[in-house]
Amino acid sequence: MGHGHRKKQPDGRAESPTYTSWRMMVQRCTNKNRTDYDSYGGSGVKVYFGWLGRGGFQEFLQDVGLRPSLKHSLDRIDPAGDYDFNNVRWATKSTQNSNKSGYVVEFGGERLTTYEWAERLGLHPGALRKRFSRGWDRSRALSTVNRRGKNETRKRRR
Numbered sequence: 000m001g002h003g004h005r006k007k008q009p010d011g012r013a014e015s016p017t018y019t020s021w022r023m024m025v026q027r028c029t030n031k032n033r034t035d036y037d038s039y040g041g042s043g044v045k046v047y048f049g050w051l052g053r054g055g056f057q058e059f060l061q062d063v064g065l066r067p068s069l070k071h072s073l074d075r076i077d078p079a080g081d082y083d084f085n086n087v088r089w090a091t092k093s094t095q096n097s098n099k100s101g102y103v104v105e106f107g108g109e110r111l112t113t114y115e116w117a118e119r120l121g122l123h124p125g126a127l128r129k130r131f132s133r134g135w136d137r138s139r140a141l142s143t144v145n146r147r148g149k150n151e152t153r154k155r156r157r
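Per numbering that gives the first Met the number 0, the very first residue in the sequence shown carries number 0; after that it's consecutive.
Source of the hints: derived by calculation from the structure; they are not laboratory data.
Any given hint might turn out to be false.
[Claimed, not checked] Calculated lysine-lysine pairs in the DSS-like style (CA-CA distance at most 30 Å, straight line): (1) Lys-92 x Lys-70; (2) Lys-92 x Lys-129; (3) Lys-129 x Lys-31; (4) Lys-70 x Lys-31; (5) Lys-31 x Lys-45; (6) Lys-70 x Lys-45; (7) Lys-45 x Lys-129; (8) Lys-92 x Lys-45.
Keep in mind that this is a model prediction, so the values were computed, not measured.
Work out the full structure, taking the sequences as your base and the hints as a guide.
Now the structure itself:
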């Protein structure tokens with residue numbers, strides 16, 4: 000029995016937005032001829048095997064659900080991880096942009112992006128990323144307050 004997502008949709012689209020998102024995810028990770036392949040499949044990002052091939056869309060639909068709106072798109076919670084049922088969600092652009100602002104850091108039983116940790120600590124995200132790139136361990140990076148008690152990244156003068 001077909002899922003109906005490849006048929007002409009009520010709004011005139013050739014396929015449903017959910018199906019389009021699934022198809023594009025698979026293409027980014029498997030089609031070497033795509034211009035964005037190097038950023039996905041070419042850099043090691045994989046799609047959960049159950050979401051590929053015959054029956055893959057149905058399993059994806061069961062695991063992830065329908066795309067809530069046209070403002071949502073498929074997002075990897077951990078940008079360094081694969082497309083699998085533990086690491087994808089439907090998210091808005093603003094959620095995705097905060098997710099892209101850094102990698103996910105687990106500390107004190109919480110998993111947040113560097114952007115979210117910086118926001119919580121009152122730091123500029125660049126300052127927190129700089130701490131990690133300088134080799135600070137998580138405990139030090141996420142508990143040290145700037146000497147001046149201010150944002151660590153200076154604003155550029157215009």
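Hint check:
no. : hint             : verdict
1   : Lys-92 x Lys-70  : holds (7 Å)
2   : Lys-92 x Lys-129 : holds (25 Å)
3   : Lys-129 x Lys-31 : violated (34 Å)
4   : Lys-70 x Lys-31  : holds (28 Å)
5   : Lys-31 x Lys-45  : holds (13 Å)
6   : Lys-70 x Lys-45  : holds (25 Å)
7   : Lys-45 x Lys-129 : holds (29 Å)
8   : Lys-92 x Lys-45  : holds (22 Å)
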